[in-house]
Amino acid sequence: MASITPVIELSGLEVCFGRLRVLENLCGSLSGRAIGLLGPNGAGKSTLIRTLLGFHPPRQGTARVMGHDIVRESRVIRSLTGYMPENDSFIADFSAIRLTRMMAELSGLPPRLALERAHEALYYVGLGEARYRKIGTYSMGMKQLAKLAQSLAHGPRLLILDEPTNGLDPPARRRMLNLIREIRDSGDVQILLSSHLLYDVELCCDEVLILKQGKIAVYCNLEEERKANMKFIELETDGESAGFLEGIEKLGCECALYGGRIKTVLPPGIEIRDLYKVAADCRIRIRRLDYKRDSLQDIFLKAMRGDEDGSLQTQV
Amino acid sequence: MAVYKRKFSPYQGERTPPWSRWLIIPRYAYAKVFASRITTAFFVACFVWPLICAAVIYIRYNVSFLETFGLQLGDFKGVLAINARFFLNFLYIQGFLSFLLTILVGPGLVSADLSHNALPLYLCRPFSRTEYILGKMLVLLILLSAITWAPGLLLIGLQTSLAGLGWLSEHPLVAPALLVGSAIWIVTLSLLSLAISAWVRWKPVAAAALFGVFFILPGMGQIINVTLEVDFGDIFNIIMVFFTIWAWLFQVSFRGDLTLVEAWLALSGFCGLCLLILNRKLQAYEVVS
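In order, the protein sequence lines correspond to chains Z and P.
If you read the first sequence in the numbering used here, its first letter stands for residue 1, the second for the next number, and so on.
If you read the second sequence in the numbering used here, its first letter stands for residue 1, the second for the next number, and so on.
Okay, chain Z solo, but in the shape it has when bound (with noise of 0.2 Å):
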């Protein structure tokens, strides 16, 4: 569900450091429910992760998260967000339920509250049983564990997480992931996602932009996408496929035969089936058929490809 407020709008976003220029121009208008931020290690992610939180002062252009200036409304919108760094970021002699907690008084919840909530965070990212061990002590899984609590405890309506996955083993990758996405499907919060994985992005998010060296190299409706690779079908045919091809023409398709395999895409109102019927009437058999998954590996790699010729691409 896209909400009425773009998540994050970006106006020309500039970001230097020193001479250096960070972020270059960003522009656009995020309103997915998840968003991904895709990049390559250096590509500007964190950076403006951290411009949008008021960390870095924007030297052009300006953005807004949830319909707040970054500039002039920093302080609102910390308020409306939970944040989990991307490096370790915790107090070693502090329990993880005294750090939640203290986290959740300073985003403005009574000491009670916030008491209750830290303990209801922690059960539910699944540190229940280890909150009164100091974070010093912790495994990294169960650190970024914390990290995630304490970004949920105060209810916050955006949740900022950047790389979450960083140095997690498999079962803990996959236990995160699966955390994000319930937290996703809450549809209480949203959530802006930085990652370099592409899987985590594409798994958690339904809305990706992808940065390279400072610049938006691809915006990408990855709900929109899925839904228009619903109706790319690839087709693998035993036997003479011209009677086929003629056959589909004219159901309405549109068709394409590439290296011996027929790409086509399906009109509204024409299903599989009759697919099926007219191999059927041709007397062919169809060996395979796939729908064409223009995942976000392909958008990724088009996009690190398109930028090598300057280009910008939007897809969908």
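Keep in mind that a hint or two might mislead.
Straight-line alpha carbon distances no greater than 30 Å define the calculated DSSO-like cross-link-like pairs of lysine-lysine that follow [claimed, not checked]:
1) Z:LYS134 <-> P:LYS281
2) Z:LYS143 <-> P:LYS203
3) Z:LYS134 <-> P:LYS203
4) Z:LYS134 <-> P:LYS32
5) Z:LYS231 <-> Z:LYS263
6) Z:LYS302 <-> Z:LYS263
7) P:LYS32 <-> Z:LYS143
8) Z:LYS134 <-> P:LYS7
9) Z:LYS143 <-> P:LYS281
10) Z:LYS143 <-> P:LYS7
Across the chosen pairs, the derived CB separations fall in these ranges [said to hold, decoys possible]:
11) Z:MET140 <-> P:THR259: 56 to 62 Å
12) P:ARG129 <-> Z:PHE17: 14 to 20 Å
13) P:GLU286 <-> Z:GLN213: 20 to 26 Å
These are computed hints drawn from the structure, not numbers from a lab.
This structure is a prediction, so every number in the text was calculated from the model and none was measured.
For every residue, glycine included, the Cβ atom is placed at its ideal position computed from N, Cα and C.
With the hints as your guide, set chain P onto chain Z.
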């Protein structure tokens, strides 16, 4: 919501006023400070000297108490003279104890946050850097106030109640001098402690560095004086700087090489440098060039 439900729920309830958030920091810090028995014991020990001073004032005005031991007031005239010097000596001793307490408490305040990069967690909330620094400073301000000017003013109150208001009118500068002298000492100690721990980010090293600022830096100042045959090296002697300022505040004589203006300038320089370090080091993310 009960924890067993394990569900994310947004928070729609009441929120504390934004101006009160910086007071959360001292609350958590005190819980940690007084969890240490050594610190708690030392803090309690810091009240021994004020109690001795109170006893001295009491004895001064209860001659019968001395007489029960066969002693006369005249035998202790010098010791029992309650004047500006008496309270300056009180400040010297309590000032030294507050320095030791700062070494115990101060370095852990900021370095614990910086050593594992916890600052982004504070600053990604509706909570500014200024509030963070004020919150951390307040921990020391309250602790050190409790052992310097607060008991000092109580002693002045005791002295006035026993000697009469005439004593206060004879010594009008003692109370403000004690208050201002303690305040600048406390603020300087707090700033130095925070700045050093923000810079080195490691508690034991920060404690050693704070010790060095008070006891090694003056030595370096002396080396400058001797080798360059100048006398401005004393501005690095922060103890001398304070002795000069306190003597002026209490209007007692003090033989030091620093003029009052030099002392104030040195003090301003120390505090300015601390603020500069805090401004540079206490950031959510340090941009490394």
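Pair hint Z:LYS302 and Z:LYS263, alpha-carbon separation not exceeding 30 Å: holds, 20 Å
Given hint P:LYS281 paired with Z:LYS134 - CA-CA distance at most 30 Å: holds, 26 Å
Is the gap between the beta carbons of Z:MET140 and P:THR259 within 56 to 62 Å? holds, 58 Å
Using the C-beta atoms of P:GLU286 and Z:GLN213, is the stated range 20 to 26 Å upheld? holds, 23 Å
For P:LYS32 and Z:LYS143, compute the direct alpha-carbon distance and say whether it is at most 30 Å. Holds, at roughly 21 Å.
Are the Cα positions of Z:LYS143 and P:LYS281 separated by 30 Å at most? OK: Z:LYS143 and P:LYS281 at ~24 Å, within 30 Å.
Given the hinted pair Z:LYS143 and P:LYS7, is their Cα-Cα distance within 30 Å? Roughly 20 Å between the alpha carbons, so the hint for Z:LYS143 and P:LYS7 holds.
Between Z:LYS231 and Z:LYS263, does the CA-CA distance stay at or below 30 Å? holds, 11 Å
Starting from Z:LYS143, check that the Cα of P:LYS203 is at most 30 Å away, please. With a Cα-Cα distance of about 22 Å, the restraint between Z:LYS143 and P:LYS203 holds, given a limit of 30 Å.
Below or equal to 30 Å on CA atoms is what counts here, so check Z:LYS134 against P:LYS7. Cα-Cα ~24 Å, so holds.
Holds or violated: Z:LYS134 to P:LYS32, with C-alpha atoms at most 30 Å apart: Status holds; Cα separation ~13 Å.
Is 14 to 20 Å a correct range for the gap between the Cβ atoms of P:ARG129 and Z:PHE17? With Cβ atoms ~19 Å apart, the hint holds.
Against the hints set out earlier in the document, no violation occurs for any number.
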